Amino acid sequence: MRIEFPSLPENVSFARASVGAFVAQLDCTLEEIEEVKLVVSEAVSNCIIHAYDNRSNEKIMVMASIGLERELEILVEDTGKGIADISQAMEPTYSSDETRMGMGFTFMKSFMDNVEVRSIVGEGTSVTLRRTFLYHDKEALA
Amino acid sequence: MKIECKQVRSTLVVKLSGEFDMMIADKLRREIDSRLESKQITNLIINLEKVTFIDSSGLGVIIGRYKKISSQKGHMYIVGASASVEKILTFSGINKLIPIYKNEQDIINI
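These protein sequence lines are chains A and B, in that order.
Numbered per my numbering, the first sequence spans residues 1 to 142.
Numbered per my numbering, the second sequence spans residues 1 to 110.
Hint data in this document are derived by calculation from the structure and do not stem from the laboratory.
There could be a bad hint or two in this list.
[Stated by the list, open to error] Derived SDA-like pairs: lysine to any residue, alpha-carbon spacing no greater than 20 Å straight-line:
1) A:K109 <-> B:L89
2) B:K39 <-> B:K96
3) B:K27 <-> A:L8
4) B:K87 <-> A:M112
5) A:K59 <-> A:N11
6) B:K87 <-> A:T29
7) B:K73 <-> B:K87
Note that the coordinates shown come from a computational prediction; the quantities given were computed from them, not determined experimentally.
Starting from the given sequences, assemble the full structure and let the hints guide the process.
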């Protein structure tokens with residue numbers, strides 16, 4: 001799936017609901033779907049707040065795909081200001097905005113198997129989130 | 001998301017319903033802060049009974065109000081968080097700063 005939308009706050013819920021509905025086909029638990037929705041919410045909120053400094057007329061792209069081995073890949077991309085220091089941005093509780101908690105990337109790293117951030121200052125940022133979901137019967141046997 | 005506020009003596013009770021993300025964060029921050037500044041409020045109860053989702057934008061509003069309330073030597077409580085919302089509160093460590101109760105009655109009974 002691929003969606004593109006303006007950087008409006010109301011589109012954060014649209015993006016997480018869309019990816020959540022897409023992931024539901026994996027027959028995963030409600031808890032797992034909630035975790036996916038949370039990480040999408042964080043990644044898209046970051047685009048609006050940090051990449052675009054809350055400007056609402058910019059573009060955000062979200063892509064999600066599911067592989068044959070139940071591997072989910074989500075790509076969230078903006079064309080905003082970019083991140084100069086990616087490792088600092090990913091530190092727990094770090095935020096460039098002091099009114100925020102700086103938990104976004106911590107949630108992404110905790111609830112996904114892998115988080116990859118690519119950014120070019122002045123051009124934009126792409127965040128790739130990957131997670132493989134176990135089969136429930138296999139999970140029960142584990 | 002819906003915001004309902006009521007004042008009981010020196011305590012402001014804020015009842016939220018729906019999804020608690022950046023869509024509502026700024027509005028809620030302004031709503032609570034204006035009441036904290038204009039009224040004789042020392043304590044704050046955030047009722048999350050009808051909140052179905054929370055992310056770091058919502059957590060940011062909660063922790064920001066906690067800093068304000070505790071700087072004025074007041075108390076803050078969270079009540080009614082569902083299992084999925086409580087999981088995020090616990091994960092963020094907010095539960096170590098702000099006590100979480102099942103309902104408002106539990107706070108009154110302390």
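Worksheet item: So which of the earlier hints does this model not fit?
Response: 2 and 7
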